[in-house]
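Colleague: Following the hints, put chain B in place on chain A, whose structure we already have.
Number of protein chains: 2
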Amino acid sequence: MKFTVRDMDIATGGIHIAILNEHDAKLLDLHMGDRIIIKGHPRELTCILDVAKSHKAMPCGEIGLFEEALAALKLKQGDAVTIRFTGKPASVEFIREKLLGTPLPYRKFFEIINDITHDRLTDIEKTYFVAACYTHGLSNKEIIDLTKAMVNTGDKLNFGKMVLDKHCIGGVAGNRTTMLVIPIIASLGFTIPKTSSRAITSPAGTADTMECLANVELNEKQIKAVVKKTGACMVHGGAMSLAPADDKIIDVEHPLSIDAEGQLLASVMAKKYSVGSTHVLIDIPMGKSTKAKTPKEAAHLKEMFEMLGKHLGMKVKVIASDGSHPIGYGIGPLLEALDVMAVLENKLDAPQELKEKAIEMAGTLLELTGKVKNPMQVARHSLESGQALKKMNEIIDAQGRQKPMQKAKFHYQVFAPKSGKIIEVDNETIAKIARVAGCPTDKAAGLYLHKNVGSKVTKGEPLYTVYSQNKLKLDLTKVVTKETNAYTIK
Amino acid sequence: MKFTVRDMDIATGGIHIAILNEHDAKLLDLHMGDRIIIKGHPRELTCILDVAKSHKAMPCGEIGLFEEALAALKLKQGDAVTIRFTGKPASVEFIREKLLGTPLPYRKFFEIINDITHDRLTDIEKTYFVAACYTHGLSNKEIIDLTKAMVNTGDKLNFGKMVLDKHCIGGVAGNRTTMLVIPIIASLGFTIPKTSSRAITSPAGTADTMECLANVELNEKQIKAVVKKTGACMVHGGAMSLAPADDKIIDVEHPLSIDAEGQLLASVMAKKYSVGSTHVLIDIPMGKSTKAKTPKEAAHLKEMFEMLGKHLGMKVKVIASDGSHPIGYGIGPLLEALDVMAVLENKLDAPQELKEKAIEMAGTLLELTGKVKNPMQVARHSLESGQALKKMNEIIDAQGRQKPMQKAKFHYQVFAPKSGKIIEVDNETIAKIARVAGCPTDKAAGLYLHKNVGSKVTKGEPLYTVYSQNKLKLDLTKVVTKETNAYTIK
Numbered sequence: 001m002k003f004t005v006r007d008m009d010i011a012t013g014g015i016h017i018a019i020l021n022e023h024d025a026k027l028l029d030l031h032m033g034d035r036i037i038i039k040g041h042p043r044e045l046t047c048i049l050d051v052a053k054s055h056k057a058m059p060c061g062e063i064g065l066f067e068e069a070l071a072a073l074k075l076k077q078g079d080a081v082t083i084r085f086t087g088k089p090a091s092v093e094f095i096r097e098k099l100l101g102t103p104l105p106y107r108k109f110f111e112i113i114n115d116i117t118h119d120r121l122t123d124i125e126k127t128y129f130v131a132a133c134y135t136h137g138l139s140n141k142e143i144i145d146l147t148k149a150m151v152n153t154g155d156k157l158n159f160g161k162m163v164l165d166k167h168c169i170g171g172v173a174g175n176r177t178t179m180l181v182i183p184i185i186a187s188l189g190f191t192i193p194k195t196s197s198r199a200i201t202s203p204a205g206t207a208d209t210m211e212c213l214a215n216v217e218l219n220e221k222q223i224k225a226v227v228k229k230t231g232a233c234m235v236h237g238g239a240m241s242l243a244p245a246d247d248k249i250i251d252v253e254h255p256l257s258i259d260a261e262g263q264l265l266a267s268v269m270a271k272k273y274s275v276g277s278t279h280v281l282i283d284i285p286m287g288k289s290t291k292a293k294t295p296k297e298a299a300h301l302k303e304m305f306e307m308l309g310k311h312l313g314m315k316v317k318v319i320a321s322d323g324s325h326p327i328g329y330g331i332g333p334l335l336e337a338l339d340v341m342a343v344l345e346n347k348l349d350a351p352q353e354l355k356e357k358a359i360e361m362a363g364t365l366l367e368l369t370g371k372v373k374n375p376m377q378v379a380r381h382s383l384e385s386g387q388a389l390k391k392m393n394e395i396i397d398a399q400g401r402q403k404p405m406q407k408a409k410f411h412y413q414v415f416a417p418k419s420g421k422i423i424e425v426d427n428e429t430i431a432k433i434a435r436v437a438g439c440p441t442d443k444a445a446g447l448y449l450h451k452n453v454g455s456k457v458t459k460g461e462p463l464y465t466v467y468s469q470n471k472l473k474l475d476l477t478k479v480v481t482k483e484t485n486a487y488t489i490k
Numbered sequence: 001m002k003f004t005v006r007d008m009d010i011a012t013g014g015i016h017i018a019i020l021n022e023h024d025a026k027l028l029d030l031h032m033g034d035r036i037i038i039k040g041h042p043r044e045l046t047c048i049l050d051v052a053k054s055h056k057a058m059p060c061g062e063i064g065l066f067e068e069a070l071a072a073l074k075l076k077q078g079d080a081v082t083i084r085f086t087g088k089p090a091s092v093e094f095i096r097e098k099l100l101g102t103p104l105p106y107r108k109f110f111e112i113i114n115d116i117t118h119d120r121l122t123d124i125e126k127t128y129f130v131a132a133c134y135t136h137g138l139s140n141k142e143i144i145d146l147t148k149a150m151v152n153t154g155d156k157l158n159f160g161k162m163v164l165d166k167h168c169i170g171g172v173a174g175n176r177t178t179m180l181v182i183p184i185i186a187s188l189g190f191t192i193p194k195t196s197s198r199a200i201t202s203p204a205g206t207a208d209t210m211e212c213l214a215n216v217e218l219n220e221k222q223i224k225a226v227v228k229k230t231g232a233c234m235v236h237g238g239a240m241s242l243a244p245a246d247d248k249i250i251d252v253e254h255p256l257s258i259d260a261e262g263q264l265l266a267s268v269m270a271k272k273y274s275v276g277s278t279h280v281l282i283d284i285p286m287g288k289s290t291k292a293k294t295p296k297e298a299a300h301l302k303e304m305f306e307m308l309g310k311h312l313g314m315k316v317k318v319i320a321s322d323g324s325h326p327i328g329y330g331i332g333p334l335l336e337a338l339d340v341m342a343v344l345e346n347k348l349d350a351p352q353e354l355k356e357k358a359i360e361m362a363g364t365l366l367e368l369t370g371k372v373k374n375p376m377q378v379a380r381h382s383l384e385s386g387q388a389l390k391k392m393n394e395i396i397d398a399q400g401r402q403k404p405m406q407k408a409k410f411h412y413q414v415f416a417p418k419s420g421k422i423i424e425v426d427n428e429t430i431a432k433i434a435r436v437a438g439c440p441t442d443k444a445a446g447l448y449l450h451k452n453v454g455s456k457v458t459k460g461e462p463l464y465t466v467y468s469q470n471k472l473k474l475d476l477t478k479v480v481t482k483e484t485n486a487y488t489i490k
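In order, the protein sequence lines correspond to chains A and B.
Numbering-wise (the numbering used here), the first sequence opens with residue 1 and increments by one.
Numbering-wise (the numbering used here), the second sequence opens with residue 1 and increments by one.
Same shape as in the complex, but just chain A (with noise of 0.2 angstroms):
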């Protein structure tokens, strides 16, 4: 049977939804909630039906789309689709043995990965899937095999024969360091294309501070010409079809800002593998808000990269760094972006603690490849030169640069309740207080640290400044800030 194109002119996220008259539902008896097969051409998609009950909402003959399946399958108004039913796909059952604590093979991993990357799961399916990998966990053989299915489904990239990445795993307010190696890296003659998820429980991704600067949402094509230009690229993942179930799975781990271990390897790797990665750093900062709380816990992440990179054909060098307190001034996307400019600018208020640990980084990386000598003096020379700053200019230029972007409108400040030294500097409420306030969607949305751990500080001295765009939000972070000790000061 075949139906006229409605653009709904709406934008809604998960699976797509399709929507057909009453009338029509009942002619093929079609009930709401039932997957439907869309085929324009050439492209197929799958939907999950609802149905209107009025002719004016939708009148019969016609099929209500909206913009993401309207993209996906390349149709307009007005053009003609036909659709089929279909049944649940056979994914749905692997999940459901995954939650019953069945480990699965390559085989099941692949079908349920395909079916998030083709849409064909609903946000429902695919939240028992995260919910099951993290309660029953994936094996060393299942986080290799989700790995690789994570990038068989996905597109592969090459950019030669010695390709240099970085990551950071997470968990420390403001840890911006990613932006200042790869400019030193790529200065130097290599080539480090990187590509970054957004935020999933911190108030920033690289993605999303690199975003207040250049234009991070490029395709395949443009990616592949910035980093024939520059050596170098900092981009949002997502973007391009590299791993693409990763930002769909994120999607639903984002509501509960769940983390999982295995679903993380995975996520990294694939990533590093599908830009065709030689030599990768990983920087997995220790504190007792981060993922890894103890040196144990630290050695077994270094352990499981080192496996997976063994297993994927990847030198991975793991270092695990003091992820006890924020690191620069900024928390949030153009807090941050600020903060990295400074350091690369060299300008005497940048936050020394992001320059020095961003040299130890770079040293590490350029030391990994075995191809420079003195390389921790030689990653300073970079930074300190301007070399480095000069290859962010170009990288910037080379993505699109961004309009300079306005401080946030709303502000406050919070001070020392007394006078004493400042012996911690918790990073999960800098984190809860920066995401209340509305990080990362607002991207001016954020914390600006006047002090840190070991400054004595006096009584009505500022401690921080809390920023947002919406005074509704920036009103909702002073229960958090009341509520919580953000600063421990004896």
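Errors might be hidden in some of the hints.
If several chains are the same, the list does not tell them apart, and a pair holds so long as it fits within one copy or across any two.
Think about it this way: if two alpha-carbon atoms lie no more than 30 angstroms apart in a straight line, the pair counts; the simulated DSSO-like pairs of lysine-lysine are [claimed, not checked]:
(1) K74 - K26
(2) K76 - K53
(3) K26 - K248
(4) K56 - K39
It is worth saying that the hints were derived from the structure and are not from the lab.
Modeller: Structure of chain B alone, referenced to chain A:
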């Protein structure tokens, strides 16, 4: 800020969605996916924001709402509402705790169940709750707390001092004894108001089957009138506000056919407690495809139900029955309803096993009351004398008789591949075929079993007939009937 309601004239499931024009959303600094509270007069409702890109799809100053939200808010096109931003409810954090493996206290279950009742949680959040309870399990205390939370977030009914009830935990195809036990018990002057769920993993629930004969979607006032008139009812519990969260939880269990023990216990007992049941019979069929696969598992469930009964102040009797094979001839709402009526009408070709099981159940429940001598004989007499049929017709008329339904348009027969004795008929395969055929949504879909366990068959004799209103779905069942053997012949 005030908005004018636009009736989208479309029904959706799950949490409510509200649509604003992009321009209005920007003005209020609201983003797609934000939670907003819509305030009408006097009700308010939490919705998830969606954004329309054009004025045609949603003009500025208007807010698009779907059927369910309009019904919940008692609003119509053109009414004025105000909106405000709201953060995630605290219950999301409690769900996260449970997912991490932390047992929850009553207070947190109440918050979660209360938010589910009032549609303040998304499908993704509800799914994490179900998955967390399923994979980590629930302690006895948690099950009691969950049950109480379900009861206390809904209405409670009071039908008098002695209220009987009967429940089967399912797993056996065609096992429609409830619809026989209720009229038998009520014909003897007892009060037995039965509320049922719709099918979760089975081809038909009692509510789905009864709906082939009578209206089951009654409100509280209507149910009270039916029970006052007839001493009984057989209605869909979801139509009232008795433990209303239950059906909303089932909505997200459905896609993966999840049926978790803790939730099962809480679901059953909350419904019984809400209608003021004092004497409850619970049937636990035992077999390889039922919830209780072994006498040990049945004993465990028996203990759990009795423990809950004690804590909630109900007399609970649990019997483990033979659940090894389908009972009755029909599988699917209409075909099962026809079986029930054949037994009540004492037809010669009525399924005898269904009849005998119903008499045993009714007798056991009568015995539990301590008010009836020779309970088994009394139950049999009610059925064979036509008393139960008379009561059934009273109940049907009081609820609102359905016009007789037609058998399904399409069907085919499956024949014995060889001669021999039928040593097994697999409940799960039978249920799968029936569900692929369209059960329970398609009421006429299902199977009619010509032969059952113990019968001798000759090669080529019909074993069963598959029915469906949808040719496509009927064809899909052929894949299942080919790949799996519902019948084992030796």
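Colleague: How would you classify K76 and K53 at a CA-CA limit of 30 angstroms: within, between, both, or neither?
Modeller: Both. Shortest intra-copy (23 angstroms) and inter-copy (15 angstroms) distances satisfy the 30 angstroms Cα cut-off.
Colleague: How do K56 and K39 come out at 30 angstroms by Cα distance, when the copy is not named: within, between, both, or neither?
Modeller: Close inside one copy (25 angstroms) and across copies (26 angstroms); limit 30 angstroms.
Colleague: First find the shortest C-alpha distance between K26 and K248 inside one copy, then the shortest across copies, and answer within, between, both or neither for a cut-off of 30 angstroms.
Modeller: Between copies only: 25 angstroms across, 32 angstroms inside.
Colleague: If the cutoff is 30 angstroms on CA atoms, where do K74 and K26 land: within, between, both or neither? Let me know, please.
Modeller: both (28 angstroms within a copy, 28 angstroms between copies)
Comparing the model with each numbered hint stated earlier shows that all of them hold.
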